[in-house]
Each structure stands twice: as structure tokens, then as C-alpha cells.
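Colleague: For the protein sequence lines, the chains are A and B, in the order given.
If you count the first sequence from 1, position 37 lands on 30 in the numbering used here, and the numbers rise without skipping.
Numbers given in the numbering used here equal positions in the second sequence, counted from 1, plus 50.
The set of hints was computed from the structure by calculation and includes no laboratory data.
Only a predicted model underlies this, so the values are computations on that prediction, with no experimental measurement involved.
Just so you know, even glycine gets a beta-carbon here, dropped at the ideal spot from N, CA and C.
Incorrect hints may appear among the rest.
The following label-pair restraints were derived from C-beta to C-beta distances [unchecked claim]:
no., chain 1, residue 1, chain 2, residue 2, range
1, B, N94, A, Q(-2), 19 to 27 Å
2, A, N2, B, K105, 36 to 44 Å
3, A, K57, B, S182, 40 to 48 Å
4, B, S106, A, I28, 15 to 23 Å
5, B, L130, A, N49, 15 to 23 Å
Chain A regions said to be covered by chain B (calculated; three or more residues, Cβ under 8 Å) [unchecked claim]:
no., region
6, 7 to 20
7, 66 to 73
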Amino acid sequence: MKLMQELRNYVLEEEFKIIYKSGKLYATNYIGIPIFESNEIHIKYSAGKIIVNGKNLTISKLSKDEVLITGGINKLEFRLDNE
Amino acid sequence: MSNRIQIKVTGKNINRFIMRLIQSKIEILELENISNHEINILINREDYQKIKKIKSIYELKVLKYKGLIAFKRSIRVNRLLIFVTLCSILFLFLLSNVIFSVKVIHADKNIRNLILEELSEYGVKVHKFKKSATKIDEIKNKILDKYKDQIEWLEIENYGTSYIVRVEERLIPNKEETILPRDVVAKKNAVILKIESTSGVTQRLVGNYVKAGDIIVSGTVKLNEEIKKQVAASATVYGEVWYTVKVEYPYIYKEEYYTGNVKKGLFYSFLNKNISIFGKSYTNSKLVNKIRLSSTFLPIFLSVGEQQEILITDNIFTEEEALQIATKRSHKGISSKLNDNEYILDEKVLKVEYKDSKILLEIFYSVCEDITDYRNIEDNSNELP
């Protein structure tokens, strides 16, 4: 079953992923952005949320399932729903 | 090609506006943060109306259209220019495909007219559309087939909006003309100087005076007053002929002639003087204009064309000089009408009259001239009673 789940994720790319590179944060398959401020952005996904802290944060790209956050990112905080 | 719009959003707390975009699930294709109050965003065209609804106090300004919409918009904005350009191209295309001249190169006017009429029948005439090379070949072959006895060769060449037709006439050698029995007669009143006879019976001798129409060599061969044979008499007869020529010549004579030197360029003309704008001008010249611009206020003309050099000679002659020149000119005029075997035997000034501005002369000339003429014997017999 685990193998099937992995195959399904691979084909449909439904899994939440984040990539942080060169001071930019790229997230896919997010659910929503409940908080957007220049020093804090919350990205909600199926299992919880990510809190991005920094300065002059902004959303450079935004689509239904992708978001690119740029600015001075200082901290990433992961919070699961059951925590 | 997706349609996208780049817009500028200005207003207080711009992050609130971005939050609205997030909540409305509007895709942000590109976001550029200019300041806390201003951002540039690239969005899909269909989202623009949604943004307009949620913008509230924020101001929107369209910066750029991208994709097919940009193309359409560019066409809409420049529609007049595009229309004029297309019309111009179409007009140019039409003009360059219309025939403005058809020239047939041949010395014979009848052949020229014949070819022009034929070409006209096939639609190759002025103000008609040009034909394709295949069609021209077809027309050429049709004309050649139709006039195979008259036309040897035909070439239709297209130079821009002109057709130049080169044609070669078919020359069928004439059947040998049967020369009818004839006499050699005198063309003018003269004293015979020389007779070169090849056939016929010579009736007159060198030194005899003949009047115009007198038989010199007869084509009728007689024996004891009985006509034995009639032949085509052939001879060349030279005789002494007389002329009296009246000449007048002015004492003051001005002559202009072209040296053959030509200068092309830009000229301005003022008081009958043509001055070259670039380089030196000829002292005396005639301007052949191609383009001439004139002013309504100033007596100056600006011309583009050719300046042809003229040499002007002014002469004032004495009575003796004028007499000499007039005699020479008269001699030259008579000589120019004579062929290689003809020449002036003698000349004498009969009368000289001096007037205020000119000299009047009467000169007598004695000339050795070909006086040969032919007359058919039948015609001759008809004339006789």
C-alpha cells in the first residue's frame, strides 16, 4: 500500500513540498495562506502549516497550488495540526 | 498564447491588497514590489475584472499587455497605419503590374503597327495588366504563326512596366523583275559629256545638246527602217547642266553650335544664366531640364538636368569677306547635292548687290551631272500620235 501511495504521489504530485534556495521559498500543493504580512507569512498545508518569518517578505508568484516567497527570510517554523 | 496584463497597484498597506488576491484565489504570475504603497503584478487577463471588483481604495493602472491581446491591441491602435500601409503596398503592386508603354523596335511603320495591333488583341497594351512569361511566350508564338510570311523573329521583353518588342521582318527575295523594253532619255536639258552604254542603240553623241525627255540610247533595234528587236536600253549619261543660284549673306553673323560637352547636375538659373551648384559652369550653355522648380516671387529657377556647352561666334564682315564666304557656302551647297562622279565644272558671279545689312549674289554654275533617265518603249509609243 505504501508503494502504491508513493507511486500515486509521484504521478499526481499531490504531496506538499517546499524548496528553499537562494533566499527564496517555493511551496507546492499548499492549501491556503491565512496570514500575509511583510514580516510573517503562514502557509497552510494538509498536515499543518509553515510560518515564514523575516523582513520585507512578499509573494512573487502565486497560483492555485504553488507559491514563491521572496524577501529576507530569517526563520521557517513547521507546525503540525496535532501539536 | 495566453493573454496577460501587467498592472500597477498603488495604495496604503499594499500587503492587504495582496491578501485579497490570495483570498480571491487570483493567480499572480509575477509580482514586483516597488515600495510599501506600490506593486507591479502580472496577471491573467480574465482575472483583471475580478481585481477591479476587489480593488476598493487601491488604484489600478494597466502597464502592458502581453500575449495575443498585446498583438490584437497593437493592431487596433495602429489600424490606420496598417490600413494605409496595406493600401500602399497594394497600390504599388497594382502600379508595378500595369503596362505603361509598349514599344516595337522596327524601322517599318507598318510592321510596328501590325505588331502593336496584334499585341493589343491579346491584351498587351497600355493600362492593362502585365502578362506572365508563359503567356507572353504563347502570344509570341501565336503572332509568329499568324504572320509566318511577314515576321522572321519576334522577342517580347519586359522592362519594369514597359514591354519592348524586337521584331525582324521576313524578307522573301523578290522574283527577278522582267525589265520591259525601254529607252535611255535625258533627265534635264544638258550638253552630253559622257555616255557609258551597255545595251541599246546610241542616238546622241558627246557634245550634243539634249532637252529633258530626249532619247539618248534607244531600245529599238532597227534595220533598214524596220524594227527588228526591242531591248531594255542601259546606259549612264553625264551631261553639263546649268544653274543660277541666288545667295544672300549678312555682314554681321552670329553662330551658335554645341561643343558636345555635357554636365549633369543641379543648377539654378538667373537672368538666362545657368549656374551649377556643384562645380564650374560653362560660360555659354543650354539647360535641358529634367526637373524644374520655380519661384513665384523670385526670377530664379532650380533645375536638375543637363547643361550643354554652346560656343557662340560673332563675326562682322567687310563686303569682300561677305562675298567670299557667300560664294564658298553656295559652292558647298551645290557640291553637297552631287555624288562622287558629279562635279562643278565652272562658276561665275553674275550679279552682286550690296545692301545695308547683307549682300545679295547671283551665281551661275555649270555642273557635270548624271542625266540618265529611263522610259518604257510602250509608254513612249502611247505618247506618240
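Colleague: Which hint numbers doesn't this structure obey?
Modeller: 1, 3, 5, 6, 7
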